[in-house]
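Chemist: What follows is each chain in one-letter form.
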Amino acid sequence: MKKLLILIFIFLISKASYSQVCCGGGVYDVAVLSLNKRALFNVGYKYDNNLGVWDSDKEWRKISQTSYQMTPAFSGAYRFNKEFQAGILIPLVINKNELPGLPSDGSGIGDVVLSGRFEIFHEYSLYKDKGKILTDKKTPYFAVTFGMTFPTGKSDEEAQSEVGISGKGYFTTSLGLSFIKTILKDKIQIGSDVNWQHSFTKTYEKYYGESVPPYERRQGERFNYSVTANYLLNFYNSVSFSLGGFYQSDYSINGTGISNSDESAFSMVASYTWYPKTYVRVSPLIKWNIPNTGYGKNATGTVLYGLNLVYYLENLEDL
Amino acid sequence: MRRKPFDVVLGTGNQMRIWLNPVDTILYYLTLITPKDPVVGLNDFKVILHQTYDQTSYSEVSNAQMFIRPWMPSHGHGSSSNVNPVLTSHGMYEGKSNFTMPGQWYVYDSIIVNNQTITTPSFYLVFDAR
Numbered sequence: 000m001k002k003l004l005i006l007i008f009i010f011l012i013s014k015a016s017y018s019q020v021c022c023g024g025g026v027y028d029v030a031v032l033s034l035n036k037r038a039l040f041n042v043g044y045k046y047d048n049n050l051g052v053w054d055s056d057k058e059w060r061k062i063s064q065t066s067y068q069m070t071p072a073f074s075g076a077y078r079f080n081k082e083f084q085a086g087i088l089i090p091l092v093i094n095k096n097e098l099p100g101l102p103s104d105g106s107g108i109g110d111v112v113l114s115g116r117f118e119i120f121h122e123y124s125l126y127k128d129k130g131k132i133l134t135d136k137k138t139p140y141f142a143v144t145f146g147m148t149f150p151t152g153k154s155d156e157e158a159q160s161e162v163g164i165s166g167k168g169y170f171t172t173s174l175g176l177s178f179i180k181t182i183l184k185d186k187i188q189i190g191s192d193v194n195w196q197h198s199f200t201k202t203y204e205k206y207y208g209e210s211v212p213p214y215e216r217r218q219g220e221r222f223n224y225s226v227t228a229n230y231l232l233n234f235y236n237s238v239s240f241s242l243g244g245f246y247q248s249d250y251s252i253n254g255t256g257i258s259n260s261d262e263s264a265f266s267m268v269a270s271y272t273w274y275p276k277t278y279v280r281v282s283p284l285i286k287w288n289i290p291n292t293g294y295g296k297n298a299t300g301t302v303l304y305g306l307n308l309v310y311y312l313e314n315l316e317d318l
Numbered sequence: 000m001r002r003k004p005f006d007v008v009l010g011t012g013n014q015m016r017i018w019l020n021p022v023d024t025i026l027y028y029l030t031l032i033t034p035k036d037p038v039v040g041l042n043d044f045k046v047i048l049h050q051t052y053d054q055t056s057y058s059e060v061s062n063a064q065m066f067i068r069p070w071m072p073s074h075g076h077g078s079s080s081n082v083n084p085v086l087t088s089h090g091m092y093e094g095k096s097n098f099t100m101p102g103q104w105y106v107y108d109s110i111i112v113n114n115q116t117i118t119t120p121s122f123y124l125v126f127d128a129r
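Here the protein sequences line up with chains A and B, keeping their order. Here numbering that gives the first Met the number 0 is used: the first residue of the first sequence is 0, the next is one more, and so on. Here numbering that gives the first Met the number 0 is used: the first residue of the second sequence is 0, the next is one more, and so on.
A couple of the hints might just be wrong.
Unchecked claim - Quick look at which bits of chain A chain B covers, simulated, 3 or more residues with Cβ under 8 angstroms: (1) 84-95; (2) 121-130; (3) 225-236; (4) 249-257; (5) 272-286.
Unchecked claim - Over the 12 angstroms line for every Cβ pair with chain B, so calculated as not near, a few chain A residues: (6) R37; (7) V52; (8) W53; (9) T134; (10) D185; (11) T202; (12) R217; (13) F222; (14) K296; (15) E313; (16) N314.
Simulated from the structure, these hints should not be mistaken for lab results. Positions of the beta carbon are idealized from the N, C-alpha and C atoms, including for glycine.
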């Protein structure tokens, strides 16, 4: 049972991220608690190396300069009961972009993310039938996920240059579904996450600190998706592999959609998890885009290396 | 003082915008000199501005003010660290334009002559930064 709970937990924490170097901020993977954990504290670090961009014709444009974003972050999560848990992420964004004549370094607090999930079904729940306590082996894990991003970072309205951007500058909300099913008990699971991300309108009165005629800009509606497979090597080690991506509709200026500005990208994530103790997790990961024509549109292609160190408070009460 | 007539020949990468200002009924010519091969980062932005009343005699405009604003339409953002073009010689204006990533960029150029804006808000030049 313990092994199973760990396996469920591994799946929940191995969500793909969709950060974007060019535009600051981005959605970080917020750790999630399994049933046998009450709370967690996570210190994470990501190094996101900018490889290039896909243009509006989906052509891959490689960049030659050094350009990356580092994101150390603190996150925490708390389980309130069997159904509901919530988390917070506070990132620090460090940008580097080496181009002659331009500022090359900048940093700042990023956008704070609050997230939660309402878990409707858990795998292997116990139930009573004719006086006997049985285990439900058919029902998958299923949860409704939701979140909100607060524009606590510095956007292109206030920053002095591109490397000073640490946030998007507008609120976003997300609503999604999370699904997990064990294929081979104590060994293999598959799962899927989908969510819809809505961005709120931002009114610009300045741009890079200089006054401009006011205008309103709103990011398009975004749909994120991922499919993940997990393999438990033994009690202390596991690996996972995800395929994911996003599609985002046209952005708008003063209420008018800008044609052919929709965005999309496809990515893969591989991660390894080591459990030296039941209450400690160490997880390195790598996420990469395929830097070729046709695998994205109006988006940035990167290779990302990450490391998460998590400490848990065990759940000692019956939920 | 009017200068001698001359031929205008556009090379590869040059762009020219021609428009009639309805207020003073003067025809203006803005010719891009650089960048012809724009790159990611700061680019020298050099243009020359002419005017004509009769499309026979042309003269350089040396009392204009220019304000540029690069914009990447497919991504919906602009850039920082641009330098508005200023007069360097007869009708020639030089500044800097920053293209922060590869792809198509518009550079909007708002031009003022004799305290009158002679361009429309949709006046821009197009670049493909590599």
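Chemist: Go through the numbered hints given earlier and state which of them the structure violates, listing their numbers in rising order.
Modeler: The structure conflicts with hints 1, 2, 3, 5, 7, 8, 12, 14, although it agrees with all the remaining ones.
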